[in-house]
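Please model the complete structure; the sequences and the hints are all you need to start from.
Which chain is which? The protein sequence lines are Z and H, in order. Under the numbering used here, the first residue of the first sequence carries the number -2, and numbering increases by one thereafter. Under the numbering used here, the first residue of the second sequence carries the number -2, and numbering increases by one thereafter.
Everything labelled a hint here was simulated from the structure, so no lab data went into it. A portion of the hints provided could be inaccurate.
Identical copies carry no separate label here, and so any pair may be met within one copy or between two of them.
When the alpha-carbon atoms are kept at most 25 Å apart in a straight line, the in silico DMTMM-like pairs for lysine to aspartate or glutamate are as follows [unchecked claim]:
| # | residue 1 | residue 2 |
| --- | --- | --- |
| 1 | K21 | D149 |
| 2 | K156 | E175 |
| 3 | K180 | D192 |
| 4 | K171 | D149 |
| 5 | K123 | D23 |
| 6 | K171 | D182 |
| 7 | K227 | D61 |
| 8 | K171 | E93 |
| 9 | K36 | E121 |
| 10 | K36 | D182 |
| 11 | K274 | D23 |
| 12 | K21 | D133 |
| 13 | K21 | D178 |
| 14 | K247 | E199 |
| 15 | K180 | D146 |
| 16 | K6 | E220 |
| 17 | K196 | D178 |
| 18 | K171 | D192 |
| 19 | K153 | E175 |
| 20 | K6 | D57 |
| 21 | K21 | E275 |
| 22 | K180 | E224 |
| 23 | K153 | D23 |
| 24 | K227 | D255 |
| 25 | K171 | D255 |
| 26 | K32 | E121 |
There are 2 protein chains.
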Amino acid sequence: MSFDRLISKILDMKNPTVVGLDPKLDYVPVHIKDKAFEKYGQTLKGAAEAVFEFNKGIIDRIYDIVPAIKPQAAYYEMYGWNGVETLTRTIAYAKEKGMFVITDGKRNDIGATMEAYAAAHLGEVKVGDQIIAPFDADALTVNGYLGTDGIDPLLKICKERDRGIFVLVKTSNKSSGELQDRKIDDTPIYAAMGDMCEKWGEDQRGMYGYSSVGAVVGATYPEQLTELRKRLPHTMFLVPGYGAQGGGAKGIAGAFDDKGLGAIVNSSRAVMCAYTKEDNCAPEDYAEAARREVIRMRDDITAYTALK
Amino acid sequence: MSFDRLISKILDMKNPTVVGLDPKLDYVPVHIKDKAFEKYGQTLKGAAEAVFEFNKGIIDRIYDIVPAIKPQAAYYEMYGWNGVETLTRTIAYAKEKGMFVITDGKRNDIGATMEAYAAAHLGEVKVGDQIIAPFDADALTVNGYLGTDGIDPLLKICKERDRGIFVLVKTSNKSSGELQDRKIDDTPIYAAMGDMCEKWGEDQRGMYGYSSVGAVVGATYPEQLTELRKRLPHTMFLVPGYGAQGGGAKGIAGAFDDKGLGAIVNSSRAVMCAYTKEDNCAPEDYAEAARREVIRMRDDITAYTALK
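Dropping the structure here:
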């Protein structure tokens, strides 16, 4: 019913970062693909198996130093239901290793349907007499365009099952301003959405002051990051756009509070593809390269924050 | 590269409606559940199998009089990856029967990731030397909060593969106004989002004047429906909220142009659960009851439009 579990892990590891697992098949080293294709053919099942092995390799080499992973649903749906099975297995494996899992699905719908998404990703469903947690992530990204009754079903499950959500506030992409920066009276839409996050989370605050309702705020807009940190004192930030998308550690510093908390910074491609950027790194060593990159990222980001 | 395929079917059948397949297990008659549980146990697989049989029964009794189905992704994800397999099978089965399939996923993300969603739901992916269409729906609902670069990857696939999208403009839920009705200068946000739809679709218009970029506009707001029909002359509307959510046929009339085209009205629960509302309908006859309800709905709605 807050982000305390996540924040505790961040404090333990002195590492406010999360690794995005957005595994296009192109990123997966050939030896892993060959093995999966040999077993299952060049099929969606073969692709999904390759992606799982790739993810597992990375998780095995980062779980002791990185608090969380963020699998992006799109890259699993891309391989059909087999890909979605791999998402399920990836979540379970990372949790087994003690990691906090944020499913990046940006889900949104009206109340009754949002209940189904909430049950799917963070909650439980009833099948006959059985109670089953289908995906069982710790947190989910969501889109608040539909307003409060699209968020309420999530708040209920956050409370009951100690889960969290991150609502899109200011996204990291180039055209995010087309709608998000436009003004309602004098307030940009992204700030109005941020204010709703504070309100949605107001009775679910934890020991570090942050509620179970976080916000997605892109690293590519440092000024807005700093402005929103002040405006939304109880809202934990998930910050995409570091690294591959161009957001630098110095610009991200404004996302953190004076204890170095209040934000978790994501990197996906730079970690998954680290082996392709290093000189002389064999594809077989992709997970070692990923580990080197997460250490570099951690040190880069914490250099500008109070988390010591 | 337009909604011509859908509109042709609407004209052929003189029926501007779509059946939402949002199958909670509670809606599925006991005899179907018992059979599935006997074979697969009270598991997600058992639930998913029951849902598929239920869907198949409805499709078999409506495909000759209803142009389209709209499976809602949330209700499939609710049964984990097994449920997503049922979504895949449902889409394939409905297409085999000649129906137009709109996946209601309200997907949204930044450009690179939206490419993955677009490939997953409307396009194709490459696995080794193979090209595979993972879900292969005809259209997808999306959320435009991220702006143009979250929509562009979809437009490309709409053009290449003759597919369509419906962007959330004014949703049918109670709190949709919290954000969507707020004003940028004098323009409500929903109208600004509608204007973006017109722009996104401007070079993909078909023979009936409508582009491949449609809009979701709820039946529960008749005034805004009428206003938007005038404002967005090339934007096809997907209209949820008829029936169970309270939108009546008279109020929906404003969604249609003077030929009775330009909109398709969805009903989910009222069709799926028709057998529970009729006097003396055996659960075994749920598909017959669904057929009676879609005929009633068609006649109710076309009574107020020019489609004869």
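Verification of the hints:
For a Cα distance limit of 25 Å, the shortest separation of K21 from D149 across copies, 19 Å, qualifies, whereas the shortest one inside one copy, 33 Å, does not. In this homomeric assembly, K156 and E175 come within 25 Å of each other (Cα to Cα) only across copies, at 23 Å, whereas the closest approach inside a single copy is 34 Å. Proximity of K180 to D192 under the C-alpha cut-off of 25 Å is found in both arrangements, the shortest distances being 14 Å within a copy and 16 Å between copies. When the C-alpha separation of K171 and D149 is checked against a cutoff of 25 Å, the pair qualifies only between copies, where the shortest distance is 12 Å, while the shortest distance within a copy is 30 Å.
In the homo-oligomer, the alpha carbons of K123 and D23 lie at most 25 Å apart only across protomers (10 Å), although the nearest pairing inside one protomer, at 38 Å, exceeds that limit. Taking the shortest Cα distances, K171 and D182 sit within 25 Å of each other both inside one copy (24 Å) and across copies (23 Å). Taking the shortest Cα distances, K227 and D61 never come within 25 Å of each other, neither inside one copy (32 Å) nor across copies (58 Å). Neither within a single protomer nor between protomers do K171 and E93 lie at most 25 Å apart by alpha-carbon distance, with minima of 37 Å and 40 Å respectively.
When the C-alpha separation of K36 and E121 is checked against a cutoff of 25 Å, the pair qualifies only between copies, where the shortest distance is 22 Å, while the shortest distance within a copy is 33 Å. Within a single copy, K36 and D182 get their C-alpha atoms no closer than 60 Å, and across copies no closer than 60 Å, so neither meets the 25 Å cut-off. Taking the shortest Cα distances, K274 and D23 sit within 25 Å of each other inside one copy (14 Å), while across copies they are farther apart (52 Å). Proximity of K21 to D133 under the C-alpha cut-off of 25 Å is found in both arrangements, the shortest distances being 23 Å within a copy and 19 Å between copies.
With identical chains, the CA atoms of K21 and D178 are never at most 25 Å apart, being 31 Å at best within one copy and 38 Å at best between copies. Taking identical chains as interchangeable, the C-alpha atoms of K247 and E199 are never at most 25 Å apart, the minima being 30 Å within one chain and 41 Å between chains. Proximity of K180 and D146 under a CA criterion of 25 Å is satisfied in both settings, with 23 Å inside one chain copy and 20 Å between copies. Taking CA atoms no more than 25 Å apart as the test, K6 paired with E220 passes in neither setting, with 28 Å inside one copy and 51 Å between copies.
In this homomeric assembly, K196 and D178 come within 25 Å of each other (Cα to Cα) both inside a single copy, at 20 Å, and across copies, at 19 Å. Both within a single protomer and between protomers do K171 and D192 lie at most 25 Å apart by alpha-carbon distance, with minima of 23 Å and 19 Å respectively. Within a single copy, K153 and E175 get their C-alpha atoms only as close as 32 Å, which misses the 25 Å cut-off; across copies the closest is 20 Å, which meets it. In this homomeric assembly, K6 and D57 come within 25 Å of each other (Cα to Cα) only inside a single copy, at 17 Å, whereas the closest approach across copies is 52 Å.
Taking CA atoms no more than 25 Å apart as the test, K21 paired with E275 passes inside one copy only; the shortest distance there is 19 Å, against 49 Å between copies. For the homomeric pair K180 and E224, the shortest alpha-carbon distances inside one copy (16 Å) and between copies (22 Å) are both at most 25 Å. For the homomeric pair K153 and D23, the shortest alpha-carbon distance between copies (21 Å) is at most 25 Å, but the shortest distance inside one copy (39 Å) is not. For a Cα distance limit of 25 Å, the shortest separation of K227 from D255 inside one copy, 11 Å, qualifies, whereas the shortest one across copies, 52 Å, does not.
Within a single copy, K171 and D255 get their C-alpha atoms no closer than 29 Å, and across copies no closer than 39 Å, so neither meets the 25 Å cut-off. In this homomeric assembly, K32 and E121 come within 25 Å of each other (Cα to Cα) only across copies, at 23 Å, whereas the closest approach inside a single copy is 35 Å.
In the structure shown, a violation is registered for the earlier hints numbered 7, 8, 10, 13, 14, 16 and 25, in ascending order.
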